[in-house]
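**Student:** For reference, the chains in residue letters:
Protein chains: 4
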Amino acid sequence: VENNLDAQTKDLITLARSWGSQHLEPLIPSYWDKAEFPPNILSSFRDHCPSLLGYTLPKQYGGQGYGLMAASHISRALASIDASFTTTLLVQYGLCAESILLCGNEDQKRRLIPSLARLENMGCFCLTEPRSGSDASDLTTTATKVDGGYSITGSKRWIGNALTAEVFVVWAKNTSVEGHPVMGFVVQRSHQKNKGAIQTRKIEGKVSMRILQNADVDFYEAWCPDTNVMGGHVGFAQSVGRVLEASRISVAWIPVGICQGALEKTIQYITKRQAFGAVISSNQIIQEKLVRMTAHVCSMYLLAERMTQDFIAGKCSLPAISMVKAYTTKLGREVVALCREIVGGNGIVLDFGIASKWADIEATYTYEGTYEICSLVAGRALTGVSAIKSASAIKNSIKRRQQSKL
Amino acid sequence: VENNLDAQTKDLITLARSWGSQHLEPLIPSYWDKAEFPPNILSSFRDHCPSLLGYTLPKQYGGQGYGLMAASHISRALASIDASFTTTLLVQYGLCAESILLCGNEDQKRRLIPSLARLENMGCFCLTEPRSGSDASDLTTTATKVDGGYSITGSKRWIGNALTAEVFVVWAKNTSVEGHPVMGFVVQRSHQKNKGAIQTRKIEGKVSMRILQNADVDFYEAWCPDTNVMGGHVGFAQSVGRVLEASRISVAWIPVGICQGALEKTIQYITKRQAFGAVISSNQIIQEKLVRMTAHVCSMYLLAERMTQDFIAGKCSLPAISMVKAYTTKLGREVVALCREIVGGNGIVLDFGIASKWADIEATYTYEGTYEICSLVAGRALTGVSAIKSASAIKNSIKRRQQSKL
Amino acid sequence: VENNLDAQTKDLITLARSWGSQHLEPLIPSYWDKAEFPPNILSSFRDHCPSLLGYTLPKQYGGQGYGLMAASHISRALASIDASFTTTLLVQYGLCAESILLCGNEDQKRRLIPSLARLENMGCFCLTEPRSGSDASDLTTTATKVDGGYSITGSKRWIGNALTAEVFVVWAKNTSVEGHPVMGFVVQRSHQKNKGAIQTRKIEGKVSMRILQNADVDFYEAWCPDTNVMGGHVGFAQSVGRVLEASRISVAWIPVGICQGALEKTIQYITKRQAFGAVISSNQIIQEKLVRMTAHVCSMYLLAERMTQDFIAGKCSLPAISMVKAYTTKLGREVVALCREIVGGNGIVLDFGIASKWADIEATYTYEGTYEICSLVAGRALTGVSAIKSASAIKNSIKRRQQSKL
Amino acid sequence: VENNLDAQTKDLITLARSWGSQHLEPLIPSYWDKAEFPPNILSSFRDHCPSLLGYTLPKQYGGQGYGLMAASHISRALASIDASFTTTLLVQYGLCAESILLCGNEDQKRRLIPSLARLENMGCFCLTEPRSGSDASDLTTTATKVDGGYSITGSKRWIGNALTAEVFVVWAKNTSVEGHPVMGFVVQRSHQKNKGAIQTRKIEGKVSMRILQNADVDFYEAWCPDTNVMGGHVGFAQSVGRVLEASRISVAWIPVGICQGALEKTIQYITKRQAFGAVISSNQIIQEKLVRMTAHVCSMYLLAERMTQDFIAGKCSLPAISMVKAYTTKLGREVVALCREIVGGNGIVLDFGIASKWADIEATYTYEGTYEICSLVAGRALTGVSAIKSASAIKNSIKRRQQSKL
Ligand SMILES: Cc1cc2nc3c(=O)[nH]c(=O)nc-3n(C[C@H](O)[C@H](O)[C@H](O)COP(=O)(O)OP(=O)(O)OC[C@H]3O[C@@H](n4cnc5c(N)ncnc54)[C@H](O)[C@@H]3O)c2cc1C
Ligand SMILES: Cc1cc2nc3c(=O)[nH]c(=O)nc-3n(C[C@H](O)[C@H](O)[C@H](O)COP(=O)(O)OP(=O)(O)OC[C@H]3O[C@@H](n4cnc5c(N)ncnc54)[C@H](O)[C@@H]3O)c2cc1C
Ligand SMILES: Cc1cc2nc3c(=O)[nH]c(=O)nc-3n(C[C@H](O)[C@H](O)[C@H](O)COP(=O)(O)OP(=O)(O)OC[C@H]3O[C@@H](n4cnc5c(N)ncnc54)[C@H](O)[C@@H]3O)c2cc1C
Ligand SMILES: Cc1cc2nc3c(=O)[nH]c(=O)nc-3n(C[C@H](O)[C@H](O)[C@H](O)COP(=O)(O)OP(=O)(O)OC[C@H]3O[C@@H](n4cnc5c(N)ncnc54)[C@H](O)[C@@H]3O)c2cc1C
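Protein chains in written order, with my numbering: chain A, 148 to 553; chain B, 148 to 553; chain C, 148 to 553; chain D, 148 to 553.
Simulated from the structure, these hints should not be mistaken for laboratory data.
The list treats identical chains as interchangeable, and a pair is accepted whether it falls inside one copy or across any two copies.
With a straight-line cut-off of 30 Å between C-alpha atoms, the simulated DSS-like cross-links for lysine-lysine are:
1) K412 to K477
2) K320 to K419
3) K412 to K462
4) K419 to K542
Looking at chain A on its own, in the form it has when it is part of the complex (with noise of 0.2 Å):
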């Protein structure tokens, strides 16, 4: 189905994919198994990828102002050899970047993005807290006005690329302004003066995207400058919204990519490995699901194609995103779970290339809007009424507003 792609997407897609299976391809049954990420894979990508380094991101900032659709081929590349690879950048570019691209004023945009798109400083994007995730906007990290700055309180969880992180993009309550809004602070370790205004715990034992490293991270008055404050008082939706938006779309092809080469691995293993006396690719079982796997693939590439060019032209927002996203992440999970079977016994073992991939898709399904959370999204725009919250929700906040009036 990659008919339309033009030739320097093409070569692109060459270099990340020829870089990845010579140099991350191999690290991955190791360091998926023990749960790290490979030490010096950054400076091998950086060194062998260079016009790769801020795929994401326009040239006056440090990236190489590829545009929408050459990034997301780049990211379906990548995530066709390792999804927690790919997510490292997602969240360095995608989502730290991004945020200060869509949120911070000028200055910001000159200090802080270059940096991040050379994997100079690393970044990550403090949004979830620990009892709160899809409803990002329930956030009790407060950002409380001092001289010269804010002081920022509060803890997050599942950060990405915190242990290494230099620049913190922390959602926070500014509790001098009223009503609170949620606004961005850029927070920066270099910056703390104090050992333990930035902590961050690594999330052990996770079962998938093992190699991508989360934390879990308390902030206690840690210090953001004036200068680093994003984007005034313009509300979440203006502010979180877009740069959600704007990630959402690269998570949506990321199964693509992880299912591709998914796909490819199983077809090598199936035409070749034996059963009774046959490739086992022979039997009509296993060719009705790989056409099953095909179609489900073309499928998602297709519909990641087609809201990327519509998001492009002005013609699609974040309902049919998150129902793209949702989908993509469903269809993967099907694809992926048929591979690992088909492979038999070797499909859980990670040597064989599908088992990390089967255990991965996991993780998009969940975040950057869960699979339901992005379907309400959708829903609500297609039927004009938000059925988001239950009605248990609605009956609660109506006894809270009760008993505060008291």
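Chain A is already provided as a structure; the job is to place chains B, C and D with the ligands on it using the hints.
**Tutor:** Just chains B, C and D with the ligands now, with coordinates in the frame of chain A:
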């Protein structure tokens, strides 16, 4: 998703849909119920939609010369109103006239196609036999050389339009050629002198596409003049294979249309119907289904569109087409079942416009290559091994060969 | 799986099946086709199966006193032949007579049930209204106290057996009691003096259970004598709730029967039908589907059996019953769809015995509590929170309450 | 659904679960993470659960003599805590000791089983080879007659417990008997003089059942005395076939346990976790999934129970067992995926008790007969035709036979 259509195609779609909703749709409940074809609907179509007559056929033979993409969208638009009517045209244009177009000589094309295009003569396509559907090459109908033509004898089943047809494209074994190759013979009702030469019996009691009229057809020494024999001895794959390739493309689009029609009606219904004090579309379960359906329909549309583009560009052939046909009919079944269920009791009543669509899509899953056969045709191309025959089939054929040697 | 049945139950099952296959089955194709109820089938049943008359009802009111387990197996056996016929009996015995049994007084039981048991009078159950199906408590039909009885006015929809019924169990708001509680009224056609008091119009154009006759019913000042008012003011859940609990058990068994019937026919067909030189049952894809279907049917059977045992033992109530009903209808849909598809084109033709079963199961998914409502009733019990109403419903009711306060 | 258990079985279940949740469960996160078997867990089991030692084995050989039904429930109870631990016991008791029980002579049973029952010796079962898993009869490991015993040479793959085993039940071709029939040989590590006679290499990098230790095993002229040769030349189906029949029953129960464990944890989580102002269990989408999962688990339980009853009663054999095994692993996959997803991000973290269950069930889908093979074994019995081999396999074997004739 219908972004990329040119103005002419859009106009033709609008014409098809507006004629359909005005003239065809109101008739569906009663004609589906009694399993009859609305007697004046073809003349209404002829009168109101002259620019759709012969919409898949080239200009020089009385068609419109719109090309495959526009024609596919017209089929889709018609199928969004009624799939039986669309299938009637598909048999007429896409199977009967198309056979002559692809396998006939210039004289046959000029003589036979224009009146089919204008719906003056009805045409049918006689391939399937009572004992053999999926294995279209396993035919027992014979064509025996007689003076000035052929004498055709055998039984056909499932033949759409046969009850009223003048033009019967009959696939039969030519017993006068070594190896008895299957060839196409155009048998005309008006040519027969013997009353019993062509006998048609309506297939009663269908539960899907009840408006479409299918028949069992018996040919008994039916007359086919030499001038109506198609295509010389080019072999089955070259003749009927190319016809099925072309028509399977159209069939892949039909579920897209059916589902779009069903989805529209469903959205109208669920955003008005109330239960438990609110519209039923305000329920999470309903919204998730709605989003899933919408994403399915987008997938189906995009896959069909890409397949058609690729076919026009010479980049796709029977396996890919078969995969898409299998997939759109499979997803389509899910979509109409979801429509049916979320409309509740009224979902099984023809008046509400969803029930017939739910029932009709079943036929598309089976005709023009069942889901299984289409999957295995695609699977053969993906793996390089055919799994169409079972092990038993191989064993049986060996036994037969051994027995015939004795 | 039918291991544990006692001899009497086995005999009754045999009787039901042998009568059904001899007398009922041959009529299905033509009556399903024309959407009519076979006129003499009830008297045939009465004549040949005296021991099945009133098979769910206790002896003292003219039933057979077989107990719930045996009765369930009889329903299953009948449903393996035809679900419309079985539903007709279910409405007669399981809804109409059962309502009187559970909510009526001794006089009503003695007076009304025996003739229903013997099928001398037909009975129906009038709960659903045009504007309200799932929310059975949201009724607008009213019963107004008049001298010696009640005057009933309102519209009902979907009422099975209504066209020929003498006994109408009508659920209506008693306007003469504070709070207008819903109560059950037995309206008899023979009691009406006014011609227009009970008007029934057949629901035309169904695509599922076409043999079952449903009607829209309008009551206009229909007469119900005090002696026919059921159950005092015990409240909705205590009256209609208990009836639905009992009848939902029977409904859970119907898909089990439908699927067993469909599966038998399918196995017969696919072990004979040839394609590509071998029986179609020799293909892997077909065998995998066959095994999946068989396992589904076993699951459905065992769940229904355990539910019935538990209910008899007082260990299960509406939530568990609703779960099983939801589940057997859901799995059942999958089973009949698989049957339909592996029979190919003949799967959509009534003569082959599978098509009607495929179509009929849809109704069971929806009636007597839709899949969604049954799931949410079970979900409420499992979680302790009701999710039946949507957030919008809560908001609407608050708005309405606020408006009514003004 | 656990209604029918006798008091003793209930006590054993309670013991298994309480020991498991106290001693085993706390270790899972860290041992799953590092893919190791908790070193002292077997001695803990021995100490705390003496009445579970050898729970599947008869009394006269050191087992408990509980019978198959009680044993199945114990396996289920253990699997609700951890499937790797349960599989370790299954290999020990259900495969290794069971082989000796079913195929060994009295001396072998007395000599070998008791210490396996008491977990003093670890045992393993060596059937699968690197090149052949599903087709268990296609073995290349050979046993060559030498003085006083056999010399075993060949490679085995996937062997559970092999790293620490004393007792290796090895299935190999006896080259000294005409036709080289597969026979069972008990190879003991302590018998080997040659260091390299048994070499085991841990299979690293699994993503499922990481706590279970599997190994690649190479036998090089390993010694098996005549007294350790099992069962004479009774043929493959009579020996390994009967072992697999018995152990496949236990394997069918494992997903039941896994899912019950996962479901409990999930309900606990979703009834506490809040989002958007209410518990997430208050959402319709979540409740529908919960009910579906619950119904699945009930189905799985009832099918496994009925299969076990029927097997005990002599009324069911390999095909039915295979169907149930295929089905419980298939439904089980759906259940744990639903658990995983409705717990959100924490569903992929081992600490929350669901992640390992989600991952572990994959292995059950594949080992002891994959889903496909089990389906085809059942399908063969249902249709009377084997579809296990593909058409290619038949063609290949004919080719091979023809070539060998030349
Ligand atoms: C690998 C990984 C990486 C991540 N990286 C980051 C990161 O870098 N930065 C960051 O800020 N966050 C990150 N996240 C957090 C992620 O965005 C959240 O996990 C996600 O938003 C879901 O939140 P939750 O896990 O708290 O689930 P919850 O919100 O607790 O949801 C639990 C379940 O309930 C469902 N649910 C919740 N509300 C509703 C509703 N109203 N109706 C129906 N269903 C509902 C959900 O769909 C889900 O199935 C990451 C997560 C993962 C797993
Ligand atoms: C509404 C309708 C209209 C039609 N119109 C026409 C028409 O106008 N002209 C015409 O010639 N024909 C027509 N057909 C016939 C149609 O093409 C056949 O029904 C179709 O090819 C399937 O054949 P069958 O019904 O004989 O099924 P069978 O070939 O008997 O197949 C039965 C089942 O077995 C499966 N099966 C068969 N072989 C294999 C295999 N090797 N491996 C795995 N599974 C297998 C099939 O997929 C199917 O599920 C029509 C059919 C329908 C239903
Ligand atoms: C063949 C047949 C026979 C019948 N016989 C009888 C009879 O004899 N007597 C009688 O009284 N009735 C009868 N009924 C009516 C039957 O009980 C109703 O059809 C059923 O209760 C559903 O109501 P509805 O069709 O109005 O659907 P609606 O209530 O309009 O529901 C439409 C859809 O919305 C969904 N929905 C509704 N509320 C919610 C919610 N809160 N959350 C999520 N989803 C929701 C439903 O599940 C359904 O999918 C019959 C129906 C059929 C089809
Ligand atoms: C965790 C684990 C523990 C194990 N423990 C043991 C042990 O202790 N001892 C032991 O001897 N073995 C053990 N096994 C091996 C196990 O029995 C095999 O993995 C299993 O039989 C499948 O074989 P395979 O992995 O070689 O798959 P293959 O046989 O290569 O099959 C690959 C795929 O092809 C499919 N396939 C194969 N043939 C056909 C066909 N004819 N038609 C359709 N589809 C087909 C299979 O279903 C599968 O999906 C274990 C495996 C695992 C994963």
